[in-house]
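Visitor: Chain by chain, the residues:
Protein chains: 2
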Amino acid sequence: MQNGIERVAAAVVPDAEQVPPGTFRLLAEDAGSQARAGLLQTAHGAIETPVFMPVGTQGTVKTLEPRDLHELQVQILLGNTYHLLLRPGAEIISTCGGLHRFMGWDGPILTDSGGFQVFSLAKLRRIRENGVEFNSHIDGARCFLGPVESMAMQRVLGSDIAMTFDECIPYPATPEYACQSVAKTLRWAVLCAEQARAPGQLVFGIVQGGEYSDLRVRCAAELVAIGFDGYAIGGVSVGEPEPVLLRGVEDSVVHLPRERPRYLMGVGDLVQIVEAVARGVDMFDCVIPTRHARNGSAFTRAGRVPIKAGAYKQDTRPVEEGCDCYCCRNFTRAYVRHLLNVGEILGVRLLTIHNIHRYMDFMQELRRALRQGVFSEFRREAWARLRSARPQE
Amino acid sequence: MQNGIERVAAAVVPDAEQVPPGTFRLLAEDAGSQARAGLLQTAHGAIETPVFMPVGTQGTVKTLEPRDLHELQVQILLGNTYHLLLRPGAEIISTCGGLHRFMGWDGPILTDSGGFQVFSLAKLRRIRENGVEFNSHIDGARCFLGPVESMAMQRVLGSDIAMTFDECIPYPATPEYACQSVAKTLRWAVLCAEQARAPGQLVFGIVQGGEYSDLRVRCAAELVAIGFDGYAIGGVSVGEPEPVLLRGVEDSVVHLPRERPRYLMGVGDLVQIVEAVARGVDMFDCVIPTRHARNGSAFTRAGRVPIKAGAYKQDTRPVEEGCDCYCCRNFTRAYVRHLLNVGEILGVRLLTIHNIHRYMDFMQELRRALRQGVFSEFRREAWARLRSARPQE
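Chains as they are written, first to last, in this note's numbering: chain A, 48 to 440; chain B, 48 to 440.
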């Protein structure tokens, strides 16, 4: 039995020495939707998709160590170029041998381009033809970030997957604004594609277009014409209703090649993840599991549980019954609630461990459902458990 | 070789089933001082002394989990009765089966009596014959804590070692005040000795007397007449100069029985620990290693290193070269400094791991020196490394 599993696993996970980074093998495709399971090779190992990437904004998934991430079977992290550019900066990361060595993580890392943060966090922003001038949100220092600078910083970071520098269109936006913005994103994408890369580094282009179907379809097609290792869907989760988000996914995916990975940026609602997978998406990232842990909220199969609430102060059950994470194996809701109530950091750490475990477990079940050809059942069940409703057809 | 070590270890560490809690075996005594190495049996296992107890004020050693404490070879923790009484309170701890089960720690725990915190933290304090009325420093709620209440709470906590409820004399204090205070501490000690205990729970009496030798000598003698499982030296580290502290230790120890453990409360300076060991002390606790971690300061063999300082921002060495803790095995000063600089909790956690490791390692070396009959060399070397001076004779 054991040998059988090992043999199958060996066949599924190719040797990193032999398989060039960027190789993406489809392992299963759902008959009733566009969902698929795959295996993406990176310079730091292979990733089973669909995959959820925990966010390590400032060189750490908040409160967690690399050994925790391995124990939680995290496959790939997201790092934020904007934050790491401001602190500690390119020089220190370079001195320390890149982001992997700096943070002690030997698995794959995807870095965003910094575009989203420049538009959402930075102050006194001025958009130029070749990038954005802005003031640091930390100390007001004047900075400039464009396709050239972003790719250079991502080269220093040495991420396995770099993202193109784009403009994130707010919701709502006028068609004129969206159209001009997409044109700029495409010019920047061309520039990004021309920049030097770290060894084995993949680059993903980002489809923008806001709520406008024709813009998204055109943007995707033009990115494919440039040619990237993978494609992301950006400009979502910016306040638009869920149907607009999902239509944005559908519009973006139309012209994307079947054999390249697709990444939906910043979406972490589990039902939305399942719906995006059904529309052909392979990769996700979101701060939800870590941020909710800091707010004292636990993700469980039955939905969110506000562990910090007084209702749990005498509750001797684990955060989630039946869960085999370190938090649930060892501690009660009463204890975790106490830690959160008195401001002990350990409470946040334990809930972070649980929430990341919940996400990893959910994605593993999703991948298993795809491999076993029961994705539609998984999708229906996810809706029933998490939304008490039927999936949209 | 391996077998030899195991055989010796088996002979040294008795089976908890067979050895009753409170048994204290002296394993080595220094010829040139009063220092000794021993083995104290508790209901949750044996403790090799001299021992340092990390402080777990609110049911956790800040940022650390039980598995971390085991990995760091922490033998025994200190819990604070005052803090746990206010939050989460006796009822919740009781519902959760005591402090060990509440916090998931299966090793020994010593709880203080709450006396020190009532005098240092609580507001609107009014000292009564049978205890202290005070307002909680959290929400101002009116509370009462005396020998009866403290022992009851420590019984609920189920600590392996409970401390008597005492009055901590400030420094300086008039002889009249100190004399009356010691009389009260002794009356309270009698009451504490009469209270019911948790199964296997030991009770230590606390020697007070401030800076007055005669008071300390008398207090110790009277406590011994009452009879406790061990004796603590309290009312130190309250602002007095080091010579006064060490004389207080000497005065307190005079009448303490050789065959009972002695605990110096709240002292965590490593040279002071060595000097107290030389004066016959076996147990220590202090917030220093954890608090300094939160302030960005690392303990090393060469003294303290302010890792948070800008000087370390490009330093690719570990926090302490040659250290084999998780932090030093995996991360650079530049990384830990970055985490502290951007406010990432992980920085505090990594430094806490390192600092506790440093303390555990120091105490292990101290015990080894005692066993090998080279304590005077260890003492001299500790002074040279940590104070650049000679020990006081």
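One thing to keep in mind: the hints can contain errors.
Heads up, incomplete: computed chain B residues facing chain A, CB under 8 Å, no partners named [what the hints assert, rightly or not]: (1) Pro113; (2) Phe149; (3) Cys190; (4) Gln361; (5) Ala381.
Covered by chain B, per the in silico footprint, the following chain A stretches (three or more residues, Cβ under 8 Å) [what the hints assert, rightly or not]: (6) 146-160; (7) 164-177; (8) 345-356; (9) 360-374; (10) 381-391.
Rather than coming from a laboratory, the hints here were simulated on the basis of the structure. The model shown is predicted, which means the values in this text are computed figures rather than measured ones. Think of the CB as a built atom: it goes at the ideal place given N, C-alpha and C, for glycine as much as any other residue.
Visitor: Quick one: which hint numbers does this structure break? Sort them smallest to largest.
Guide: Numbers 3, 7 and 8 - these are the hints that the structure violates, sorted from lowest upward.
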